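Colleague: Below, each chain spelled out in residue letters.
There are 2 protein chains.
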Amino acid sequence: MTKETALGAALKTAVQTMSKKKQTDMIADYIYNKYDVFKRFKPLALGIDQDLVTALPQFDPALIARVLANHCRRPRYLKALARGGKRFDLNNRFKGEVSAEEQAIAQQHPAVQQALAAQAERKAAKEKQVEQGSDAAATDVDVKDETENKAADQA
Amino acid sequence: MTKETALGAALKTAVQTMSKKKQTDMIADYIYNKYDVFKRFKPLALGIDQDLVTALPQFDPALIARVLANHCRRPRYLKALARGGKRFDLNNRFKGEVSAEEQAIAQQHPAVQQALAAQAERKAAKEKQVEQGSDAAATDVDVKDETENKAADQA
Chain A
12 MTKETALGAA
22 LKTAVQTMSK
32 KKQTDMIADY
42 IYNKYDVFKR
52 FKPLALGIDQ
62 DLVTALPQFD
72 PALIARVLAN
82 HCRRPRYLKA
92 LARGGKRFDL
102 NNRFKGEVSA
112 EEQAIAQQHP
122 AVQQALAAQA
132 ERKAAKEKQV
142 EQGSDAAATD
152 VDVKDETENK
162 AADQA
Chain B
12 MTKETALGAA
22 LKTAVQTMSK
32 KKQTDMIADY
42 IYNKYDVFKR
52 FKPLALGIDQ
62 DLVTALPQFD
72 PALIARVLAN
82 HCRRPRYLKA
92 LARGGKRFDL
102 NNRFKGEVSA
112 EEQAIAQQHP
122 AVQQALAAQA
132 ERKAAKEKQV
142 EQGSDAAATD
152 VDVKDETENK
162 AADQA
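As they're listed, the protein sequences go chains A and B. Residue numbers for the first sequence follow this note's numbering, so the first one is 12 and each next one is one higher. Residue numbers for the second sequence follow this note's numbering, so the first one is 12 and each next one is one higher.
Hints are computed from structural coordinates only; laboratory data are not their basis. Any given hint could turn out to be false.
Dumping the calculated DSS-like pairs for lysine-lysine here, alpha-carbon to alpha-carbon at most 27 Å [what the hints assert, rightly or not]:
1. A:Lys-33 - A:Lys-53
2. A:Lys-23 - A:Lys-33
3. B:Lys-53 - B:Lys-32
4. A:Lys-97 - A:Lys-53
5. B:Lys-106 - B:Lys-33
6. B:Lys-97 - A:Lys-106
7. B:Lys-106 - A:Lys-106
8. B:Lys-106 - B:Lys-45
9. B:Lys-134 - B:Lys-50
10. B:Lys-32 - B:Lys-45
11. A:Lys-53 - B:Lys-90
12. A:Lys-97 - B:Lys-106
13. A:Lys-50 - A:Lys-97
14. B:Lys-45 - B:Lys-97
15. B:Lys-90 - B:Lys-137
16. A:Lys-53 - B:Lys-97
17. A:Lys-97 - B:Lys-97
18. B:Lys-50 - B:Lys-31
19. B:Lys-97 - B:Lys-53
20. A:Lys-106 - A:Lys-134
21. A:Lys-90 - A:Lys-106
22. B:Lys-33 - B:Lys-23
23. B:Lys-50 - B:Lys-32
24. B:Lys-23 - B:Lys-90
25. A:Lys-97 - B:Lys-90
26. B:Lys-90 - A:Lys-90
27. B:Lys-134 - B:Lys-53
28. A:Lys-137 - A:Lys-90
29. A:Lys-90 - B:Lys-134
30. A:Lys-53 - A:Lys-32
31. B:Lys-53 - A:Lys-90
32. A:Lys-50 - A:Lys-106
33. A:Lys-97 - B:Lys-53
Estimated spans, in silico, between C-beta atoms of each pair [to be verified]:
34. B:Ala-135 - A:Ala-131: 35 to 45 Å
35. B:Asp-62 - A:Phe-105: 45 to 55 Å
36. B:Met-37 - A:Tyr-41: 48 to 58 Å
37. B:Tyr-43 - A:Gly-19: 23 to 33 Å
38. B:Asp-36 - A:Gly-96: 47 to 57 Å
39. A:Gln-124 - B:Gly-95: 22 to 32 Å
40. A:Lys-50 - B:Gly-144: 54 to 64 Å
Keep in mind that this is a model prediction, so the values were computed, not measured. Backbone N, C-alpha and C define an ideal beta-carbon position, used for all residues, glycine too.
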C-alpha cells in the first residue's frame, strides 16, 4: 500500500468523499485491528505518529493524528502510562520508555484515579459477597474479574 | 554542597529530624527559589530528577522525587506542556522537547480544560464590562489581566 497504484488512488478518493468523522472512525477501526500496540493499549514509541503516516498513505495524516490523540487520552491508555515501563513501536518492538514525569502525570490523572477507585470498589464488593457466603454468585464475579485482570496485564 | 563536610552532615541530620511533610515543603521552597525552570513552570528536561538529586545531596532523594511529582501535576505545568515546544534543564538550557503524545494528554487534561474555560470566562466578562462603558472598572481589570498574561507567556 506504500506505492500509489491506480486502485489505491481510486480508494483514496472514495475515502475522501466521506465525512471527517466517518473517516476518523474508519481509520481508528483499521488501526485497532491491525496493530497490537493499539489493541492492547501499550505505551507507544515516540515518533509513532510519523510511522503511522508512512504505513498508511491511503489516509489523511491530519486524521491519523486525530485518532492518535483520541487514543492517548483514553483512560485505558493513561492507565498503561501510569504503570510505566517500556514503549513499543508498530512492530511491537521495545523503543524507549515512559518517563518519570509522564508516569506521575498519568497516575494523578482524574480518569485514572476514577478507574482505580472503581476497581477498588469492585474488589471490596466481591470480598463482601464472599464473606456473606453467597458462593455461586461470588464464583461468577471471580471469573469475570480474573479475565479483566488478565486483559489489563497484557495491555 | 556536593562535598560532605562536618557542617553539611550536621545540617542534613537536622533536616532529617523534621516531618516528611515539612521537609517536602522546605525542598519545594528551595527548588522554586533556586531554579528558573521551576519558578516559571517551563517543560522540564528528561532526567532532571537525577540532576536534582546530584545537585541537592543535602535532601532525601525520595522527597525530591515527591516535590517533582507534585510540580508536574500542577495545572500551570500541564498548561506549559499543552503549549508544547522545548524542554529545559536546571541551567535553563534546551534539552529535548515535549512529545506530541504529552501535548495531547496535557491539552485534554481536565485541569487544563478548566483553566482554559476560566480564562475564556474572564475574557468574556472583561469584554462585557468594556461594552457597558464602565470605564474605570474595565481599566482596572485590563491591567490585572495583562499582568497575568505576561506571567503565563513567560512560563
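Colleague: Hint check: Lys-106 of chain B vs Lys-45 of chain B, CA-CA at most 27 Å. Holds or violated?
Modeller: holds, 19 Å
Colleague: Given the hinted pair Lys-33 of chain A and Lys-53 of chain A, is their Cα-Cα distance within 27 Å?
Modeller: Judged against 27 Å, a Cα distance of about 25 Å means the pair holds.
Colleague: With the threshold set at 27 Å, check whether the alpha-carbon distance from Lys-97 of chain A to Lys-106 of chain B stays at or below it.
Modeller: holds, 21 Å
Colleague: Can you confirm whether the C-alpha distance between Lys-50 of chain A and Lys-97 of chain A stays at or below 27 Å?
Modeller: Roughly 16 Å separates the two Cα atoms, so the pair holds.
Colleague: Please verify whether Lys-134 of chain B and Lys-53 of chain B have alpha carbons no more than 27 Å apart.
Modeller: It holds: about 24 Å lies between the C-alpha atoms, which stays within 27 Å.
Colleague: Return holds or violated for the Cβ distance of Asp-62 of chain B and Phe-105 of chain A against the range 45 to 55 Å.
Modeller: Violated: the Cβ-Cβ distance is about 25 Å, outside 45 to 55 Å.
Colleague: Would the hint linking Lys-23 of chain B and Lys-90 of chain B be met if the CA-CA limit is 27 Å?
Modeller: violated, 35 Å
Colleague: Are Lys-97 of chain A and Lys-53 of chain B close enough, with their CA atoms no more than 27 Å apart?
Modeller: Distance ~26 Å between Lys-97 of chain A and Lys-53 of chain B Cα, so the pair holds.
Colleague: Given a hint of 48 to 58 Å, does the C-beta separation of Met-37 of chain B and Tyr-41 of chain A actually sit inside it?
Modeller: For Met-37 of chain B and Tyr-41 of chain A the Cβ distance comes to about 53 Å; the hint holds.
Colleague: Take a quick look at whether Lys-53 of chain B and Lys-32 of chain B sit within 27 Å of each other, Cα to Cα.
Modeller: holds, 25 Å
Colleague: Is the hinted pair Lys-97 of chain B and Lys-106 of chain A satisfied, with a Cα-Cα distance of at most 27 Å?
Modeller: Roughly 21 Å between the alpha carbons, so the hint for Lys-97 of chain B and Lys-106 of chain A holds.
Colleague: Mind checking the hinted window 22 to 32 Å against the Cβ distance between Gln-124 of chain A and Gly-95 of chain B?
Modeller: holds, 25 Å
Of the numbered hints given earlier, the model fails hints 5, 20, 24, 29, 35, 37, 38; all others are met.
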